[in-house]
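Enquirer: For reference, the chains in residue letters:
Number of protein chains: 2
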Amino acid sequence: MPLTRTMEKLILVTNDDGIDAPGIKFLISFLRPLGRIVVVAPQTGMSGMGHAVTISTPLRIKQLASENGIDKYKTNGTPADCVKLALNQILDKKPDLIVSGINHGSNHSINILYSGTMAAAIEGAMQNIPAIGFSMFNYDTKLDFSFAGTYIKQICQNTLESGLPAGTCLNVNFPDNSSPKGIKICRQSIGFWDEGFEKRIDLHQKPYYWLKGEFIVPDQSSNTDDYALKNGYISIVPVTIDLTAHQNIESLKKTYNDI
Amino acid sequence: MPLTRTMEKLILVTNDDGIDAPGIKFLISFLRPLGRIVVVAPQTGMSGMGHAVTISTPLRIKQLASENGIDKYKTNGTPADCVKLALNQILDKKPDLIVSGINHGSNHSINILYSGTMAAAIEGAMQNIPAIGFSMFNYDTKLDFSFAGTYIKQICQNTLESGLPAGTCLNVNFPDNSSPKGIKICRQSIGFWDEGFEKRIDLHQKPYYWLKGEFIVPDQSSNTDDYALKNGYISIVPVTIDLTAHQNIESLKKTYNDI
Numbered sequence: 001m002p003l004t005r006t007m008e009k010l011i012l013v014t015n016d017d018g019i020d021a022p023g024i025k026f027l028i029s030f031l032r033p034l035g036r037i038v039v040v041a042p043q044t045g046m047s048g049m050g051h052a053v054t055i056s057t058p059l060r061i062k063q064l065a066s067e068n069g070i071d072k073y074k075t076n077g078t079p080a081d082c083v084k085l086a087l088n089q090i091l092d093k094k095p096d097l098i099v100s101g102i103n104h105g106s107n108h109s110i111n112i113l114y115s116g117t118m119a120a121a122i123e124g125a126m127q128n129i130p131a132i133g134f135s136m137f138n139y140d141t142k143l144d145f146s147f148a149g150t151y152i153k154q155i156c157q158n159t160l161e162s163g164l165p166a167g168t169c170l171n172v173n174f175p176d177n178s179s180p181k182g183i184k185i186c187r188q189s190i191g192f193w194d195e196g197f198e199k200r201i202d203l204h205q206k207p208y209y210w211l212k213g214e215f216i217v218p219d220q221s222s223n224t225d226d227y228a229l230k231n232g233y234i235s236i237v238p239v240t241i242d243l244t245a246h247q248n249i250e251s252l253k254k255t256y257n258d259i
Numbered sequence: 001m002p003l004t005r006t007m008e009k010l011i012l013v014t015n016d017d018g019i020d021a022p023g024i025k026f027l028i029s030f031l032r033p034l035g036r037i038v039v040v041a042p043q044t045g046m047s048g049m050g051h052a053v054t055i056s057t058p059l060r061i062k063q064l065a066s067e068n069g070i071d072k073y074k075t076n077g078t079p080a081d082c083v084k085l086a087l088n089q090i091l092d093k094k095p096d097l098i099v100s101g102i103n104h105g106s107n108h109s110i111n112i113l114y115s116g117t118m119a120a121a122i123e124g125a126m127q128n129i130p131a132i133g134f135s136m137f138n139y140d141t142k143l144d145f146s147f148a149g150t151y152i153k154q155i156c157q158n159t160l161e162s163g164l165p166a167g168t169c170l171n172v173n174f175p176d177n178s179s180p181k182g183i184k185i186c187r188q189s190i191g192f193w194d195e196g197f198e199k200r201i202d203l204h205q206k207p208y209y210w211l212k213g214e215f216i217v218p219d220q221s222s223n224t225d226d227y228a229l230k231n232g233y234i235s236i237v238p239v240t241i242d243l244t245a246h247q248n249i250e251s252l253k254k255t256y257n258d259i
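Order-wise, the sequence lines are chains A and B. If you read the first sequence in my numbering, its first letter stands for residue 1, the second for the next number, and so on. If you read the second sequence in my numbering, its first letter stands for residue 1, the second for the next number, and so on.
Among the hints, a few may not be true.
Where chains are identical, the list cannot tell them apart; a pair therefore holds if satisfied intra-copy or between any two copies.
Distance condition first, Cα-Cα at most 30 Å in a straight line; then the derived BS3-like pairs of lysine-lysine [said to hold, decoys possible]:
# : residue 1 : residue 2
1 : K253      : K9
2 : K199      : K62
3 : K142      : K212
4 : K9        : K254
5 : K199      : K72
Hint data in this document are derived by calculation from the structure and do not stem from the laboratory.
Construct the complete structure from the given sequences, taking the supplied hints into account.
Expert: The following block contains the structure:
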C-alpha cells in the first residue's frame, strides 16, 4: 500500500437532517480534499433528537452506491447511533475526525442540548476522537452553503493537525450572512425558550399540541456565541462532556455536611 | 383560600420509564408530605431518549383519574416534552420544584447525556426552576425503593428551602445497596462505553443490530460520582447547562488569531 494511502486521514461525516439534506452534501464536497470520507447518516431527518440512542428497536444499515470514491451508508438510527454504528460496524479503523452537519438552523447556546448534530460530535468527544458540529443560523432550505467552504476546510484542517483536548469537541455556528466577518472563539451563551404550544383539534374532536416558541438570550456579553452570530461572526465554542457545576460543589458540601 | 393552601409548594413529577413504572410510584409516595404533586409523565418507557423533543408529530395529553389528591397526566412525548407541556399547558403556576425518576439504572458520569430522566431536570435548569433527577444503580425491576425515601425527602426539602443556582440542577444516584453509607457531593466522572453491536439476521435474511456495551470509568478519583456509588454512597452532582470547555478557550484563540 503506498505511503500516501496509509497517511491519508479518515473522516466520518454524519448529520441530523438526514443523508439527503443539502447541508451534508455541501459538507462532503468541502471535506473531500482533506482525506478519505465515509458518510454514515440517518435515512430521514432527526432534528430535535438530542442525544437519543436506539435501544428498543433494531437498527438497520444500508450501504448506498459509492459516489466519487466516497462510501455512504444510511441507517434508521439517530445521529448518535450513526456514530456508534460507524465506529463499531462500518469503519475498518478509528477515524481521525468526526464532522457533523451542516445543520439547517443554529445549535448555539443551550440548543446544543437538543441537537442531534452536536450529539454526534459529543459521541466523538466521549470516545476521544476529534469532532466538530457545523450549523447555520438560517432556515432557508434552498440556501447556498458555498461561502462556508473555506472556513470549514480551515477548521477541519486545524483540528486534524492539532487534535482536541480529551473529552471535548467544537460547536461551530455560521451567522445568517454569506460574508462572515471572521471567526470568534466564544463561550456558550445562556438563553432559554419562551415556549408555548399551539393547540389544535383533530378530525375526531380530540386536541393535539405543536411546540412553538421564541429563543431569548438575556446575556449579551461580547464573548458569547449568541453575540458573535448576531454580529456577523462565525462562533466556535469548545464543548466539554463534563456537565459538573464545579462552582456549586463547596456550598452543597456544607448543606449535606459532606466533609 | 386559606394561607396553608397558598403557601403549599407545587412539585412537578416526571420520569423516563413511563407513568406506570415502579420508580415514579415510590417517588410520588415520598414527595406527598412536601406539597401538592402533579404528575406529567410519558405513557410508555422512554429510556435512552436523551434530551429529544417532539417537533414532527403531534403531542397528546391524557388526564388520568386523580389518586389521593394527586393530579396525573400521561403524554406521548419524551421526558423533556412532559416538562414543557406541564409548564405551558397543564400547571396553573410555575412549580417550586421538578423531580424526575426514580430511574431504573444509574445516570451517573457521562450517562447524563443519554438520560431522559436528567433531560427533564435539565429542562428545569433551563427555565430556572429547581430540579432534581433521581436514579438507582440497580436494574432489578422488582426492587423495593423504600430505603431511598428518607434521602429523597431530605434532598427535595433542602432544595425547596434553598433553591439552586440559576442554570443548574442536581443529578442524584443511589448505590446498588439498600443501606447507603451516606451522601457524597461529587463531580461527574468521565467514563466511556466500550461498545459493540450484536448482529442478528431477521426472518427475511436481513441483518439488524442491537447496541450492547460495557461502561468503563478509568478515572477513579475519590471525588467522583462513580467512586461514591461503587463505595456504597449516594452521589449528588450539581449539573450545569453551560457545556463550554472554558479551559480550552485561550489556546483556540491563538489558533484562530482571535484577539
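Enquirer: When the structure is checked against the list of hints, which entries are broken? Sort them ascending.
Expert: none
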